[in-house]
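**Student:** The sequence shown maps to residues 1 to 260 in full-length UniProt numbering.
Calculated from the structure, these hints are not laboratory results. Cβ coordinates follow ideal geometry from the N, Cα and C atoms, glycine included. One should not assume that every hint holds.
Said to hold, decoys possible - Computed spacing ranges between beta-carbons, pair by pair: (1) 33 with 9: 51 to 57 Å; (2) 49 with 175: 40 to 46 Å; (3) 150 with 96: 28 to 34 Å.
What the hints assert, rightly or not - No farther apart than 20 Å at their CA atoms in a straight line, the calculated lysine to aspartate or glutamate pairs in the EDC-like style are these: (4) 236 with 215; (5) 177 with 225; (6) 236 with 216; (7) 177 with 13.
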Amino acid sequence: MSPISPDLADAIEALVDTPILLVAVDFDGTMAPLVDRPEDARPLPAASEALANLAALENTVTAVISGRDLAALRTVGSPPEQTLLVGSHGTERWAPAAFDAEDEHIDLSPAQTSALAKATEILEAVSSAHQGTMLEYKPASIVLHVRQADPEVAARALRAAHEQLDDIENLQALDGKAVLEASVLVGTKGDGLNWLREVADASTVLFAGDDVTDEDAFAVLRPGDIGVKIGSGNTKAQFRLNGPGELPALLELVLDMRSL
């Protein structure tokens, strides 16, 4: 039985005639199942294949939007050459030369470097005091992962982290699924999706994502666009799939429509 609801199938069918379609997807929890260690994540083969096939179509642009920095995203995701990339929650951006777009790279100021050092010191102390938690180091942020911790320990760790991070200037704390990311860059996946729409000159956008931070991207979708929430939780998206395992069916249906 197909995981695609009749309403979602009807919305996808309408994509057959849109002049330029942008298909953008989150990575962790969307293309790839969530795992305990970020470096172990890999996209589902069927999702990778469908995205690559979409990227090869005329008038169809693909993109991956992630909280990961672009170097890490390329390492674990192996995105197709033609696929545009947005990392670090919208603040890193890359497009193939054919799009003639200005990329955005991480270049921290002294104030940002200082703030990141303070956040790192705090979260290292929090993690060492809460069994089962772990840290992920990024060029412009540090992430506290609590998925492997006892629920009560995880809650205490997140609470302690928030209390100590809130006083640091030039820092924003981003909550996700069993994670807290302290970042010195200010941006959202909504900013990233707006950039992608402009670069691709897209007439219609389909975006699929699973996390709290993906809601910023759902929030900037326009009439006629399609938002697909992956998994449970409140969402601004019009449609929902149960998990990453159902994403290939969505991408393959879009591929069928755009191949007519």
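**Student:** Given the hint that residue 177 pairs with residue 13, test it: the Cα-Cα distance must not exceed 20 Å.
**Tutor:** Violated, at roughly 32 Å.
**Student:** Taking only the CA atoms, is the gap from residue 236 to residue 216 under or equal to 20 Å?
**Tutor:** holds (9 Å)
**Student:** Does residue 215 lie within 20 Å of residue 236 when you go C-alpha to C-alpha?
**Tutor:** holds (6 Å)
**Student:** Does residue 177 pair with residue 225 here, judged by a C-alpha cut-off of 20 Å?
**Tutor:** violated (25 Å)
**Student:** Between residue 150 and residue 96, does the C-beta distance stay in 28 to 34 Å?
**Tutor:** violated (45 Å)
**Student:** Is it true that the C-beta distance of residue 49 to residue 175 lies inside 40 to 46 Å, as the hint says?
**Tutor:** With a Cβ separation near 33 Å, residue 49 and residue 175 fall outside 40 to 46 Å, so the hint is violated.
**Student:** Using the C-beta atoms of residue 33 and residue 9, is the stated range 51 to 57 Å upheld?
**Tutor:** Cβ of residue 33 to Cβ of residue 9: about 24 Å, so the range 51 to 57 Å is violated.
In this structure, the earlier hints numbered 1, 2, 3, 5, 7 are contradicted, and the remaining ones agree with it.
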